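All chains should be modelled from the sequences, with the hints used to inform the complete structure.
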Amino acid sequence: MNKRSDFLRKLLLHTFLIGVTISVLFPIVWMVSIAIDPRNIDKPLELTLIPSGASFESFRKVLFEPNPLLCTNPAVASTCMTFGKLLVNSLYVSFGTALFAVVLGASAAYAFSRFRFIGRQVGLLGFIALLMLPATATVTPLYVLLGQIRLGDEALRSTLLGLAIAYTSGTLPFAIWNLKGYFDTIPAELEEAALIDGASVTQAFFRIIVPLALPALAVTVLLGFMAGWTEFVMAWLFLEDPSRFTLAMALRSMQGQYTTPWSTFFALALLMSIPPVLLFFALQRYIVSGLTVGGVKG
Amino acid sequence: MTDTLPKPVQTTPPAGGARRKLFSNTLRAWLYILPAGILMLFITLLPQLYQGWMAFTDYNIQNLRFNLFNPETWERFAPSLVGLENFIRVLTSRLPIENYDFIRLLKFNVGWTVANVVFHVIIGVAIAVALNSKNLSGQRVYRAIFVLPWAIPGLIIAFTWRNMYDRRFGAINQLIGKISDWFDLGINNDIRWLETTTPPAGGSAGLALGLVVLLPLAIFAINALWKSGVPKWLVWLPAAGVVYAAYTLTIMYMGLPFAFWAVWLPNIWLGWPFMTVIATGALQAIPEELYEAARMDGASGWQQFWSITVPLLRAAMVPAIMVGTIWTFNNFNIIFFISEGGPFGRTELLVTQAYKLVFTQRLYGIAAAFSIVVFFVLLVITLIQNRVTQATKAYYE
Chain A
7 MNKRSDFLRK
17 LLLHTFLIGV
27 TISVLFPIVW
37 MVSIAIDPRN
47 IDKPLELTLI
57 PSGASFESFR
67 KVLFEPNPLL
77 CTNPAVASTC
87 MTFGKLLVNS
97 LYVSFGTALF
107 AVVLGASAAY
117 AFSRFRFIGR
127 QVGLLGFIAL
137 LMLPATATVT
147 PLYVLLGQIR
157 LGDEALRSTL
167 LGLAIAYTSG
177 TLPFAIWNLK
187 GYFDTIPAEL
197 EEAALIDGAS
207 VTQAFFRIIV
217 PLALPALAVT
227 VLLGFMAGWT
237 EFVMAWLFLE
247 DPSRFTLAMA
257 LRSMQGQYTT
267 PWSTFFALAL
277 LMSIPPVLLF
287 FALQRYIVSG
297 LTVGGVKG
Chain B
477 MTDTLPKPVQ
487 TTPPAGGARR
497 KLFSNTLRAW
507 LYILPAGILM
517 LFITLLPQLY
527 QGWMAFTDYN
537 IQNLRFNLFN
547 PETWERFAPS
557 LVGLENFIRV
567 LTSRLPIENY
577 DFIRLLKFNV
587 GWTVANVVFH
597 VIIGVAIAVA
607 LNSKNLSGQR
617 VYRAIFVLPW
627 AIPGLIIAFT
637 WRNMYDRRFG
647 AINQLIGKIS
657 DWFDLGINND
667 IRWLETTTPP
677 AGGSAGLALG
687 LVVLLPLAIF
697 AINALWKSGV
707 PKWLVWLPAA
717 GVVYAAYTLT
727 IMYMGLPFAF
737 WAVWLPNIWL
747 GWPFMTVIAT
757 GALQAIPEEL
767 YEAARMDGAS
777 GWQQFWSITV
787 PLLRAAMVPA
797 IMVGTIWTFN
807 NFNIIFFISE
817 GGPFGRTELL
827 VTQAYKLVFT
837 QRLYGIAAAF
847 SIVVFFVLLV
857 ITLIQNRVTQ
867 ATKAYYE
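Line by line, the protein sequences are chains A and B.
The C-terminal residue of the first sequence carries number 304 in our numbering, and the numbering is unbroken.
The C-terminal residue of the second sequence carries number 873 in our numbering, and the numbering is unbroken.
Some hints could be false.
Going by beta-carbon spacing under 10 Å, a handful of chain B positions derived as facing chain A [as the list claims (entries may be wrong)]: (1) T520; (2) I628; (3) M640.
No lab work stands behind these hints: they were computed from the structure.
Quick caveat, the model's predicted, so the values are computed rather than measured.
From the three backbone atoms N, C-alpha and C, an ideal C-beta is built for every residue, glycine too.
In structure tokens form, the structure reads like this:
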């Protein structure tokens with residue numbers, strides 16, 4: 007009797023969860039099935055899992071052929087961007103943003119969490135207010151401002167470093183707020199004990215705070231990476247030289263006004279989804295506490 | 477023997493020492509904040525101040541050559557001050573663009589946020605509870621699959637759904653056709669999801685959404701108001717406001733075209749995993765002893781759920797709901813790439829409108845004023861949310 011009701015309960019649960027799985031996977035399977043469609047037509051005519059004559063041709067095209075839409079000189083194929091070059095640019099911007107966000111964010115959040123000092127409240131409120139300011143109309147002044155700062159013989163605006171800095175400013179307010187809340191939950195006695203034992207403040211920070219705050223630091227890295235990986239509005243506006251273009255820009259450029267090469271488009275989209283998904287899986291066990299523990303305390 | 481021990485040393489430092497400590501702390505702290513501070517000053521604060529100035533001018537495409545750092549451009553390209561005119565035009569919907577109505581935009585944005593967040597939480601928690609049941613095989617596989625909608629970049633999700641809504645070749649219409657064929661239902665699957673201007677099922681879908689989402693919320697809000705310490709004889713005033721808001725939003729849902737449902741579904745699809753992840757963490761932190769004690773006292777499974785699981789989940793869900801609300805309120809990708817705000821601007825959000833004011837209409841001064849108005853809307857929402865959170869906290873502690 008009991009065994010039977012338990013079996014029934016599990017059957018119901020699995021039915022429910024498999025239903026959820028199907029609805030989660032449906033759009034992803036749709037992407038795959040178009041990407042491997044050999045005809046490279048706009049859209050398939052049949053709802054099939056594996057279209058007839060399926061091949062990885064569009065993946066090969068995306069990976070190894072130069073992209074005709076992003077070229078310094080459209081007449082010369084060797085000046086066009088390839089997947090490899092786009093990937094390097096994207097990784098540079100994404101990890102740059104993540105690195106800036108975590109280093110600058112942790113440093114400022116540590117000060118706000120651990121020191122009582124003049125201007126603390128004002129500073130903290132200032133960063134939180136920046137979190138809520140909508141940034142759409144600021145791109146115009148930002149364009150001018152970043153154009154003023156010279157980096158060697160070119161404007162900071164048109165470099166990947168400038169782009170990473172611009173993205174960092176978008177992720178910093180949340181990072182500082184979240185990290186500060188998380189640091190607050192780590193007892194100060196732990197550091198005090200280390201200081202008494204002769205450690206320097208820097209040592210105490212790296213040996214005690216960093217390992218204990220890993221979840222919040224991981225979330226900061228993840229959000230910074232995602233910002234750099236998917237943003238394309240500022241990138242289109244700021245970058246001039248196609249050799250600096252990123253994957254997100256390549257994807258956006260394939261969305262034509264009238265037609266889109268859907269097979270290659272989805273092949274690129276799927277390839278582009280792999281790094282964030284991997285990063286998500288790698289950091290998954292940190293995400294929950296990293297995002298909520300600090301938030302509760304505010 | 478004890479009285480031979482030395483007295484403990486006076487530990488209170490002189491007042492001058494405390495002041496010196498505060499001073500050195502201040503120096504040290506600002507040194508730590510300096511790198512982030514400089515970045516925010518130049519990349520965010522200065523452009524924001526500039527935007528604040530633009531909001532009071534007739535800045536438009538001719539003024540783009542104006543460069544604060546180049547005095548030669550000041551004379552020729554500087555915009556002229558127009559006072560509060562931009563703000564008045566934004567709020568009273570007198571802009572030289574089609575389908576612009578500020579009140580409608582605001583109402584849609586609020587209705588969109590509510591319709592999404594409520595479902596994110598309900599679906600997210602239900603799945604987390606189902607996943608958390610004991611001795612369930614395949615838990616790890618389910619968990620891995622269920623984070624995918626959250627992990628895949630929103631941009632890509634939006635493009636995919638846009639493709640799926642295609643009238644003839646899209647997956648949605650094809651799926652409806654297949655299901656209709658299998659069960660011989662004869663459903664019309666030639667739906668123009670993104671262009672149709674009439675509401676689906678003559679508005680009854682909107683009515684159902686209003687009843688499912690807004691009715692429980694209104695009851696909850698009035699109940700919280702009743703217990704929040706607002707004088708009882710005054711409660712009817714905010715309560716009437718809540719009822720009025722629920723009523724107008726339901727009317728709005730009833731009039732929304734197919735495109736609303738076409739952007740709502742993908743946003744539900746991508747939004748619940750975040751809530752599931754947070755709820756899973758909270759569920760695993762609930763000690764098993766609580767349930768054992770409840771069972772000893774003869775509580776049923778249902779009673780255990782409502783008196784142990786729900787109250788303890790609430791603590792973790794409140795900050796997640798706040799984060800989720802801001803994300804949904806400003807969800808650019810889904811609206812911008814699937815419905816493009818259409819048809820006739822009826823699924824436009826405040827953020828997508830702000831983007832279009834800058835990049836399509838190029839009305840920079842007006843866009844700046846619009847952004848500042850949106851900031852105040854967000855501020856009000858955050859303050860209300862904070863209030864509600866405080867109220868529910870006091871209620872449960």
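Indices of hints not satisfied (ascending): none
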